[in-house]
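J.: Sequence:
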Amino acid sequence: MSKKDKGEAHEFFEFAESLVKQTGELALKYYGRGDPQFKFDEELVTEAELAIREFLGTTIAERYPEHHLLGEGDDQTAYRHGERGFQWIADPMDGSANYQAGIPIWGVSLALFKNFWPILGMFYMPVTGDIYKALAGRKLMVNDKTITLEPEVIANNESVLLTYSRFHSEFGSTFPGKIRNLGCTAAHLGYVASSRAEAALLKYVHIWDLAAGLILLEAAGGEIRYLDGGKFHLNDYLDSQKVDKPLLAAPAGEHSMISQYLKPL
1 MSKKDKGEAH EFFEFAESLV KQTGELALKY YGRGDPQFKF DEELVTEAEL
51 AIREFLGTTI AERYPEHHLL GEGDDQTAYR HGERGFQWIA DPMDGSANYQ
101 AGIPIWGVSL ALFKNFWPIL GMFYMPVTGD IYKALAGRKL MVNDKTITLE
151 PEVIANNESV LLTYSRFHSE FGSTFPGKIR NLGCTAAHLG YVASSRAEAA
201 LLKYVHIWDL AAGLILLEAA GGEIRYLDGG KFHLNDYLDS QKVDKPLLAA
251 PAGEHSMISQ YLKPL
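Note that the working numbering has the sequence shown beginning at 1, numbered continuously upward.
Simulated from the structure, these hints should not be mistaken for lab results. Backbone N, C-alpha and C fix where the C-beta goes; we use that ideal spot for every residue, glycine too. Hints are supplied without guarantee of correctness; some may be wrong.
[Stated by the list, open to error] Derived CB-CB ranges, DEER-like: (1) Pro264 <-> Glu62: 43 to 49 Å; (2) Leu50 <-> Arg138: 30 to 36 Å; (3) Lys139 <-> Thr46: 33 to 39 Å; (4) Pro151 <-> Asp236: 24 to 30 Å; (5) His10 <-> Pro264: 42 to 48 Å; (6) Pro65 <-> Pro176: 49 to 55 Å; (7) Arg196 <-> Trp117: 27 to 33 Å; (8) Ala97 <-> Met257: 28 to 34 Å.
Construct the complete structure from the given sequences, taking the supplied hints into account.
T.: Structural data, given as structure tokens:
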């Protein structure tokens with residue numbers, strides 16, 4: 001990376017960190033206002049999502065008018081390759097069901113790519129104040145502390161495997177530890193990257209669910225593979241199609257140790 005590119009990347013990094021924090025603060029204004037009579041207050045979530053999506057999109061467009069934005073609910077449905085090729089990929093409210101229910105596991109997920117190559121990933125959880133951030137190819141920072149995954153994972157009764165909502169109807173498991181679905185893909189990836197969980201099984205996700213979290217995970221020394229061990233390439237899903245094959249996020253080289261406990265039904 002040239003000196004100019006490095007300077008540009010750090011500029012984007014500072015902008016992205018400020019943006020996810022501002023977007024998160026805006027989301028907090030709506031947080032906890034759901035009607036307790038409804039299990040899922042769609043009106044509240046729609047109002048909040050529209051407001052924060054508009055804020056995020058407008059802020060990027062004003063600062064970088066030549067850049068593109070791809071995210072859940074946006075008009076753009078596929079990755080664009082423009083003259084300069086800058087593409088932001090965002091999920092302004094990852095964990096919307098938690099958000100409505102007053103559960104603090106939700107946040108703002110944001111990644112930047114150039115000509116299909118990752119530049120940065122960010123995930124900010126406004127309620128807890130946790131921020132996961134990384135420049136591609138650099139170390140993961142969690143709340144300004146550098147994080148590196150341990151090279152070996154040994155599953156035991158204290159281990160945590162994070163899963164998705166349909167897991168128990170689609171898999172049998174002999175995993176010796178705790179199995180949890182926290183309802184937020186980016187948080188799942190952040191928790192694996194920061195060693196708060198040993199692995200995360202993912203399915204029925206899109207590029208905006210994975211883009212930032214994958215950069216964060218790789219910065220810590222982890223990776224996402226298909227459950228069968230095959231290599232996963234985010235670029236295969238640039239048209240926003242759903243990933244309907246199970247994925248496993250774990251420290252690099254440890255996928256087979258986790259996958260041995262999981263059997264599709």
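J.: Would you say the C-beta atoms of Leu50 and Arg138 sit inside 30 to 36 Å of each other?
T.: holds (34 Å)
J.: Note whether the CB distance of Lys139 and Thr46 lies within 33 to 39 Å or breaks it.
T.: The hint (33 to 39 Å, Cβ to Cβ) holds, given that Lys139 and Thr46 are roughly 38 Å apart.
J.: Holds or violated: 42 to 48 Å for the Cβ distance of His10 and Pro264?
T.: For Pro264 against His10, whose Cβ atoms are near 44 Å apart, the range 42 to 48 Å holds.
J.: Given a hint of 28 to 34 Å, does the C-beta separation of Ala97 and Met257 actually sit inside it?
T.: holds (31 Å)
J.: Is 43 to 49 Å right for how far apart the beta carbons of Pro264 and Glu62 are?
T.: Since the Cβ atoms of Pro264 and Glu62 sit about 47 Å apart, the hinted range of 43 to 49 Å holds.
J.: Holds or violated: the 27 to 33 Å window for the beta-carbon distance between Arg196 and Trp117?
T.: holds (28 Å)
J.: Can the suggested window of 24 to 30 Å be confirmed for the beta-carbon pair Pro151 and Asp236?
T.: holds (28 Å)
J.: Can you let me know if the beta-carbon spacing of Pro65 and Pro176 is within 49 to 55 Å?
T.: holds (53 Å)
Violated hints are absent here; each numbered hint is respected by the structure.
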